[in-house]
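Visitor: At position 15 of the sequence shown (counting the first as 1) the number is 14 in numbering that gives the first Met the number 0, and the numbers step up by one without a gap.
Don't read these hints as lab results, they were simulated from the structure.
The beta carbon of each residue, even a glycine, is placed where N, CA and C say it ideally should be.
Accuracy of the hints is not assured; some may be wrong.
Label pairs and their calculated CB-CB ranges [said to hold, decoys possible]:
1. Pro75 <-> Gly175: 19 to 25 Å
2. Glu159 <-> Ser58: 28 to 34 Å
3. Phe106 <-> Asp183: 23 to 29 Å
4. Gly51 <-> Asp156: 40 to 46 Å
5. Ala185 <-> Arg81: 19 to 25 Å
6. Val157 <-> Arg81: 22 to 28 Å
7. Gln60 <-> Val10: 16 to 22 Å
8. Gln60 <-> Thr97: 42 to 48 Å
9. Arg78 <-> Ala16: 35 to 41 Å
10. Leu203 <-> Glu20: 25 to 31 Å
Here are the computed lysine-lysine pairs in the DSS-like style, where the Cα-Cα straight-line distance is at most 25 Å [unchecked claim]:
11. Lys167 <-> Lys213
12. Lys174 <-> Lys98
13. Lys130 <-> Lys167
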Amino acid sequence: MAKNPINASFVLRTIQARAHELLSSPIPKDRFNILARLHAALLYMIIRLFDGDIPMRASAQQTLPALESIMLSLQPFVRWERGHPETGPTEDHSACPTKETWHEWIFQESARRSIFFTCFLTVAYKLLVGKIPNGCEDSHFICQSWTLSANLWNAPDVVEFAVAWREKRHFVVTKGGFNDVLRDAAAEDVDVFGRMLIVGAMGLDEARLWFHNKGGSL
């Protein structure tokens with residue numbers, strides 16, 4: 000149902016009710032359900048913070064700690080990559096992905112990106128409303144790494160994933176290492192998530208110029 004002037008109040012009440020129901024219910028124990036809970040909470044939070052309705056925004060701001068609690072519940076299940084910033088084609092056949100390792104990589108990368116985006120959203124909003132007068136806190140740097148690789152992320156099956164893993168470059172983005180990755184990556188290495196972060200880091204015009212200089216387009 001699309002919101003319009005006639006049904007706006009009903010839509011907003013429904014969103015508020017569902018968001019409060021979600022955030023007040025116990026956090027699941029299973030890692031997949033925690034990840035799903037975090038995704039749902041993020042969607043509700045984005046709508047409530049940026050829709051433009053002042054009471055809903057105030058209500059959403061009060062529930063930011065609940066969003067952070069879900070994120071922290073996911074953290075123990077996440078493995079952080081600490082390898083070299085760039086990983087090229089591998090000749091190690093013992094490292095060939097299986098279906099199980101592909102599925103595990105999908106979960107791990109989804110969790111890493113979700114935690115990163117939750118921290119990003121929280122910091123961006125707090126800066127917007129002047130709630131971080133003395134800089135970022137340690138809790139805003141929970142995400143230690145994520146992987147930049149359109150070939151890995153967009154692989155439709157384990158075969159394509161294995162080909163990308165063995166024959167294509169992928170970049171492990173660590174804290175403070177994004178500029179190094181931007182220096183070395185090509186436009187074709189960047190997936191949708193990476194595009195969002197590049198635009199957020201550079202601004203639209205500089206991001207378009209980066210993609211142009213790297214042989215692609217935004």
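Visitor: Indicate, hint by hint, whether the structure satisfies it.
Guide: Evaluation of the provided hints:
A beta carbon spacing of about 24 Å between Pro75 and Gly175 agrees with the range 19 to 25 Å that was offered as a hint. Here the CB-CB span from Glu159 to Ser58 is close to 44 Å, at odds with the stated 28 to 34 Å. Between Phe106 and Asp183 the Cβ separation comes to about 27 Å, which falls inside the hinted range of 23 to 29 Å. The hinted window of 40 to 46 Å between Gly51 and Asp156 holds, with their beta carbons roughly 42 Å apart.
Taking the beta carbon of each, Ala185 and Arg81 are about 24 Å apart, inside 19 to 25 Å as hinted. Between Val157 and Arg81 the beta carbon distance is about 25 Å. The supplied range of 22 to 28 Å therefore holds. The given range of 16 to 22 Å is respected by Gln60 and Val10, whose C-beta atoms sit roughly 20 Å from each other. Remark: the range hint 42 to 48 Å for Gln60 to Thr97 is upheld by a beta-carbon distance near 45 Å.
Between Arg78 and Ala16 the Cβ separation comes to about 36 Å, which falls inside the hinted range of 35 to 41 Å. The beta-carbon spacing between Leu203 and Glu20, approximately 37 Å, falls outside the hinted interval of 25 to 31 Å. At roughly 17 Å between alpha-carbon atoms, Lys167 and Lys213 fall within 25 Å of each other, so this suggested pair holds. Straight-line distance between C-alpha atoms of Lys174 and Lys98 comes to about 30 Å, which puts the hinted pair past the 25 Å bound.
Restraint check for Lys130 and Lys167: the C-alpha separation of about 42 Å exceeds 25 Å, so the hint is violated.
In this structure, the hints that do not hold are numbers 2, 10, 12 and 13, in rising order.
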